[in-house]
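Asks: As a plain string of letters, each chain reads:
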Amino acid sequence: MTVISSEKDPEALTLTFVAEFNAPVDRVWQIWEDPRQLERWWGPPGWPATFDAHDVTPGGRASYYMTGPEGEKAPGWWHFTEVDAPTRLAFDDGFANENGEPDESMPVTKIAVTLEPAGSDASGTGAADGSARTRMTTVNTFESLEQLEQLVAMGMEDGMRLAMAQIDELLAA
Amino acid sequence: MVTRLSDDETDAVFRALADPTRRDILRRAIRQEQSISALAERYEMSFAAVQKHVAVLERAAIIEKQRRGKEQIVRARLETLARATELLGEFEALWRERTLRIEELLADPADPASETTPTRPTEKGHP
Numbered sequence: 001m002t003v004i005s006s007e008k009d010p011e012a013l014t015l016t017f018v019a020e021f022n023a024p025v026d027r028v029w030q031i032w033e034d035p036r037q038l039e040r041w042w043g044p045p046g047w048p049a050t051f052d053a054h055d056v057t058p059g060g061r062a063s064y065y066m067t068g069p070e071g072e073k074a075p076g077w078w079h080f081t082e083v084d085a086p087t088r089l090a091f092d093d094g095f096a097n098e099n100g101e102p103d104e105s106m107p108v109t110k111i112a113v114t115l116e117p118a119g120s121d122a123s124g125t126g127a128a129d130g131s132a133r134t135r136m137t138t139v140n141t142f143e144s145l146e147q148l149e150q151l152v153a154m155g156m157e158d159g160m161r162l163a164m165a166q167i168d169e170l171l172a173a
Numbered sequence: 001m002v003t004r005l006s007d008d009e010t011d012a013v014f015r016a017l018a019d020p021t022r023r024d025i026l027r028r029a030i031r032q033e034q035s036i037s038a039l040a041e042r043y044e045m046s047f048a049a050v051q052k053h054v055a056v057l058e059r060a061a062i063i064e065k066q067r068r069g070k071e072q073i074v075r076a077r078l079e080t081l082a083r084a085t086e087l088l089g090e091f092e093a094l095w096r097e098r099t100l101r102i103e104e105l106l107a108d109p110a111d112p113a114s115e116t117t118p119t120r121p122t123e124k125g126h127p
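Protein chains in written order, with my numbering: chain A, 1 to 173; chain B, 1 to 127.
In short, the hints are calculated from the structure, not lab data. We treat Cβ as the ideally placed atom computed from N, Cα and C, and that holds for glycine. Some clues are possibly wrong.
[Unchecked claim] Simulated restraints, written as ranges between beta carbons of each label pair:
(1) A:106 to B:104: 29 to 39 Å
(2) B:66 to A:88: 31 to 41 Å
(3) A:12 to B:23: 45 to 55 Å
(4) B:68 to A:85: 44 to 54 Å
(5) A:7 to B:66: 54 to 64 Å
(6) B:55 to A:67: 43 to 53 Å
(7) B:20 to A:82: 51 to 61 Å
(8) B:35 to A:146: 27 to 37 Å
(9) A:106 to B:70: 44 to 54 Å
(10) A:150 to B:35: 30 to 40 Å
(11) B:58 to A:3: 20 to 30 Å
(12) A:58 to B:18: 46 to 56 Å
(13) A:85 to B:23: 21 to 31 Å
(14) A:67 to B:43: 49 to 59 Å
Kindly produce the complete structure, drawing on both the sequences and the hints.
Replies: This is how it looks when you write it as structure tokens:
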């Protein structure tokens, strides 16, 4: 597992998650910038995400929905607050109604992503032997404990439990 | 839908609360923060034994311990911090799982963008 660290700060309501990948920074940037790649990993298991708009520019918006096991759709939106390719991305992640408009009554999570070269190849631009590594730091900030409760209590929960089970399987293998 | 603790966390909480001394420590700590030495005076057991009970509660994330001068202060963290930690843990699990999928995606020898959509330029990822 390439998870380097994960730090929960229950007072600031932040989760800082650090992982490293065997790919150069430019390559890891693509998994965020390209909606077709993003769709392959964003949604929890059983809830694949489909992005129908993805404007990765400062002030730009993304629109997506996750499709549940029963075919139910959970629409969401992103609002990009910071974009500095290929190293920095920050956005608000919220829920939308059936018309794709932001649902003000629902929690908004702030997510800030930093990509930087990791490991022996300090340039991070891709060594000749392909050994470049990238460190991805993701800071998730929640507005309040109530909103965190609300988020976890929603449909994402099942997916996350399933995810944990899958990880256990992988680790046991 | 109600959020549950993981099985391990639930076990730790129930184990911690299965002992009458520990339940008493927790009740006192909820009302008011307690020093371990003050707690030790209340029970007919050694300081070390009280410390052990406190450690069990601490591991179950039910109380937190803080050093203040020579004193060790015990405080309940039931309502807010433990809950927040648990909830943040749900998102930690989500990110662990996403990390595995990203790894798979990055290891995929096929151009990941070519399967389902018209391709967009990806040259910049390849020096």
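Asks: Hints first: check each against the structure and report whether it holds.
Replies: Status of each hint after checking the structure:
1. Roughly 30 Å separates the CB atoms of residue 106 (chain A) and residue 104 (chain B), a value that falls within the hinted 29 to 39 Å.
2. Distance hint check for residue 66 (chain B) and residue 88 (chain A): the Cβ-Cβ separation is about 36 Å, which falls inside the suggested range of 31 to 41 Å.
3. Restraint check, residue 12 (chain A) to residue 23 (chain B): a C-beta distance of roughly 31 Å breaks the suggested window 45 to 55 Å.
4. The beta-carbon spacing between residue 68 (chain B) and residue 85 (chain A), approximately 48 Å, falls within the hinted interval of 44 to 54 Å.
5. One distance hint, 54 to 64 Å for the beta-carbon pair residue 7 (chain A) and residue 66 (chain B), is violated here, with the actual separation near 19 Å.
6. The hinted window of 43 to 53 Å between residue 55 (chain B) and residue 67 (chain A) holds, with their beta carbons roughly 46 Å apart.
7. Under the hint 51 to 61 Å, the C-beta atoms of residue 20 (chain B) and residue 82 (chain A), about 54 Å apart, fit the expected range.
8. At about 33 Å, the beta-carbon gap between residue 35 (chain B) and residue 146 (chain A) stays in the expected band of 27 to 37 Å.
9. The beta-carbon spacing between residue 106 (chain A) and residue 70 (chain B), approximately 49 Å, falls within the hinted interval of 44 to 54 Å.
10. In this structure, residue 150 (chain A) and residue 35 (chain B) meet the distance hint of 30 to 40 Å, their C-beta atoms being roughly 37 Å apart.
11. Judged by the Cβ atoms, the range 20 to 30 Å given for residue 58 (chain B) and residue 3 (chain A) holds: they are separated by roughly 25 Å.
12. A beta carbon spacing of about 55 Å between residue 58 (chain A) and residue 18 (chain B) agrees with the range 46 to 56 Å that was offered as a hint.
13. Checking the proposed 21 to 31 Å range against residue 85 (chain A) and residue 23 (chain B) shows it is violated: the Cβ atoms sit about 56 Å from each other.
14. Distance hint check: the CB atoms of residue 67 (chain A) and residue 43 (chain B) are about 56 Å apart, consistent with the given range 49 to 59 Å.
The earlier numbered hints that this structure contradicts are 3, 5, 13.
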